[in-house]
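Please work from the sequences and hints to get the whole structure.
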Amino acid sequence: MSFSVVGKDIKKVDGIAKAKGVARYIGDIEFPGMLYAKILRSPHPHAKVLSVDISEAEKLDGVHAIVTPEHQPKTRYNMAGFPPNAEEFPLIEDQLILTDHPMYVGDPICAVAADTEEIAENACKLIKVEYEILPHVIFAEDAMKEDAPKLREEGNVMFEAPIKFGDIDAAFAESALIVKESYSTQKVYQATIEPTSGCVAMWDDSGKLTVYSPTQMPHLARKIIGTALDMRLGDIRLIKPHVGGGFGARLGLVIEPLTALLAKHAGRPVKLIYTREEAMAFSEHRHPCKMDMELGFTKEGRITGMRFTNIVEGGAYATHTPSIAGIVGPWAFGMYKMQAVDYLGKAVLTNSMYNGAYRGYGNPQASWAIENTMDIAAEKLGIDDLEIRKINGFGDDDIWPWSQLPVESSGLNECIDKGAESIGWHEKRGKKLGTSTKPRGIGMAVSCHVSGAKPGLLEISGAYVKINEDGTANLIIGNADIGQGSTTALAQICAEELGVKFEDIIVETDAVDTNYTLFDIGSHASRQMNSGGNVVAKAAREAKGKMLEEAAVMLDVKAGDLDAKDGIIFVKDNPTKSLTYGEVSFEAHFKPEGTQIFGTSSENPEGNPPVYAAQFAEVEVDTETGVVSVIKFVAAHDTGVVINPLNTTGQIDGGAHHGIGFALTEESVVNPETGLLENRDLANYKILTAMDMPEVVSIAVETPAKTSSHGQKSVGESGLIATAPAISNAVYNAIGVRITDLPITPDKVLAALAKK
Amino acid sequence: MMKKLNFVVNNRKYSIEVDPRKTLLDVLREDLKLTGTKKGCGSGECGACTVVIDGQNVNSCMVFALDMEGKEVITIEGLAPKSGEIHPIQQAFVDHGAIQCGFCSPGMIMSTSAILEKHEKPTEEQIREGISGNLCRCTGYVKIVDAIQSLAENK
Ligand code: FES
Ligand code: FES
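In order, the protein sequence lines correspond to chains Z and G.
Reminder that position 716 of the first sequence reads as 716 in the working numbering, one-by-one numbering, no gaps.
Remember, the working numbering sits 1000 above the position in the second sequence when you count from 1.
Note that these hints are calculated values from the structure, not bench results.
As the structure is a computational prediction, the values presented were derived from the model and not from experiment.
Treat the hints with care, as some may be off.
[Stated by the list, open to error] Derived, one-sided and incomplete: chain Z residues facing chain G with beta-carbon distance under 7 Å:
(1) A19
(2) L233
(3) G650
(4) V696
[To be verified] A few chain Z positions that, by computed beta-carbon distances, are all more than 10 Å from chain G:
(5) P135
(6) K145
(7) R302
(8) L405
(9) N515
(10) K632
(11) L682
(12) A683
For each residue, glycine too, the CB sits at the ideal point set by N, CA and C.
Right, here's the structure in full:
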């Protein structure tokens, strides 16, 4: 199929605004009379507030409002952005806007709105809070002990997710090899360069609330704000400005209800912007997991079954933790065929800042366990690493166990072959590479990911296409573009389906407004290309159909005889007989009894085609210092039909950056005594700089999906997932030792080498 | 309290009263309303606030505004010769897909301008070093390096 706009390197619609510095982010939004807010947070990981005295703070010049737990609605909420069908795991609503029973260092107790941030901060210092300190527990293993402080009546394990199918004992009894290994992954930080988060809120005289929020999910964020503030949703208008990166950090609320509460009490617009330190210490990071995996194999290398337990450290509130505990297992058995599975995920409450969504959503943890295990098995069975992945992968006609929906098409084998070729697998693997003190190795790992959340979550997207009287078209979508370029790609789909030039589509990436866009569950689960693409294509087709009908009357032919391309509607058999989109739309508007032509669509997508990927790393290990350097990184992804090549490879490149950091340098360290994050700045939390990044080669393999509008799959998260195990497998290849707890730091490498 | 500051920003002379405790970044954003320069940390770690001062790329969050007395500052808003125009560096970033969320972009582009001042035809090494103070979480720097290399080639 040949397309005229889809598949082209169209520049991002907001690229120039961003390049010129005129794109407005939350910190840039100002209103007359605006006040600035600061939060007074608990200095204790677990305590009871005995009293709050705001009398001195109130006297400070320039203070306009102080809110305490007394000022808030009593409805509890869960800040994670889930639609209401989240049946497979409980949506535990355990949060209040402010608390008198802080559960972590940083739990908000009070907040102040003042003329300046400095005054607000000084006022916070004048608030006197008396605490009764309660015993606390920071790590999940400790929280699961008998004598651990009980953080809630029912115990610290807030949710257990057992998933079983087949007969695991029988499967293991038949196995020629069972590989058993323990793995752990660390807490890591999304590190959006625009600190997460900020908010501007204001009320009008009729009690309506407007919230500017840099969220990944405008409609679901509005819904949770409604719950937290006990309000009618229709009275809340949420507007998403430009967003400086998401990666899961904005998958729900951060600080919106508190900003709105302050604005209500102050009677003025209020702006609350987190400092980098607050963003690091008091926003959600990725869940650390402790995993035990047993994987059985036939002597030919077929997987027989998997036993897998996983302890997920949640932090102080439920948010995403039950869902993560439930999903890590399916990520692992979604990768390979197996007849029997016995998985148990446990979601554990502790007294640290809670963890949440981060690119991959449990899949990087699952991939770490299963892809190291596959490497071990391949060696023990004497089977090539590429081969063992191929023989266990799913085929086009299989039902994908993650979703219970068809695989549709699998490009896994092609990803493996193309990646292998690019890294030089066949020339290098099995050879001694590097020098005796700086041996090199190559390794690989594969992954699967989703093109959406279906069927775990309801997945409505909505699009509205209106044809203006000059033939240009507005595409109005509630999709949250947070930099990935989804809006540009969706506009390409719109132009393709309307049969107009890309420049004739008017679309905004900022100012996504819940008052004017159709419901959409947001940008997560890599879902916009599949779910968003589906509704944009349908809305555009509807509008185009009406345009052709209008033109048919004007040209005195049948609508079925017509088509459109580049903004020209023409008779298929006689293309010189034609009208422009502008001529037809003008006639539609202004003929007697005229009407504007538009198309709409709001629905769930039909499928959820999995995205397969193969990642390859060449590493060098300095055996004197223990430092691991990635020399080259190759990522081959089955993206389905590519809508926008630059955006697609850009997602993979960025995912690799996160993944290499996850593998080697990134770790959020929480102090078990104080409960506070130790490395609260970007000097001590090491994300890779341009000097640290290796050469990255991103390859798109275009195996068309069957159910998406143009055969596309999604690519927002897949770049990260198999990165760390690919590096680990390369390290093993170089030095013959395997580090099973992330990150692979020099001290762990040296210790492992000393034991060898 | 307030002190007088005379300096040039984007070729325009300013003579303003500033709070002596304020950084250049805060004065640009709050007093001059030049919000193109971003704040990603406020402590010299991310480079989002990069501006060019007398030909050097500098983290504007790390200098006091008062130290700018008599100096010439160029921010992202002043890079293109005229409003409504786009500078070749900005165009190259757009064309190569070097911009995703765009929050690092103003700083990254200002660092690029300093690199191209310093080196006629920068090598990849010099490019990577030149932007090593600018963190980007979206692109893996891949397309940013491509964009800068394209400028070096076209010189
Ligand atoms: S804001 Fe200045 S270096 Fe980050
Ligand atoms: S483009 Fe998002 S941080 Fe660089």
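Okay, the hints, checked on the actual structure:
1. Hint status for A19/Z relative to chain G: holds, with the closest Cβ pair at about 4 Å, below 7 Å.
2. Of the supplied interface hints, the one on L233/Z is violated, with its beta-carbon coming no nearer than about 28 Å to a beta-carbon of chain G, more than 7 Å.
3. Against a cut-off of 7 Å between C-beta atoms, the interface hint on G650/Z holds, since the closest Cβ of chain G lies about 5 Å away.
4. A hinted interface residue such as V696/Z counts as satisfied when its beta carbon comes closer than 7 Å to some beta carbon of chain G; here the least separation is about 5 Å, so the hint holds.
5. Every CB of chain G is more than 10 Å from the CB of P135/Z (nearest about 34 Å), matching its label as outside the interface.
6. The Cβ of K145/Z sits about 37 Å from the closest Cβ of chain G, beyond the 10 Å cut-off, so the non-interface label holds.
7. With a least CB separation of 36 Å from chain G, R302/Z remains clear of the 10 Å interface cut-off, as annotated.
8. Residue placement check: L405/Z keeps its beta carbon more than 10 Å from all beta carbons of chain G (closest about 30 Å).
9. At roughly 24 Å from the closest C-beta of chain G, the C-beta of N515/Z stays outside 10 Å, upholding its exclusion from the interface.
10. Non-interface call for K632/Z relative to chain G: holds, since the shortest CB-CB distance, roughly 12 Å, exceeds 10 Å.
11. For L682/Z, the requirement that its beta carbon stay farther than 10 Å from each beta carbon of chain G is not met, with the minimum near 4 Å.
12. Against chain G, the non-interface label of A683/Z is violated: not every CB pair exceeds 10 Å, the least being about 5 Å.
Comparing the model with each earlier hint shows violations of hints 2, 11, 12; every other hint is respected.
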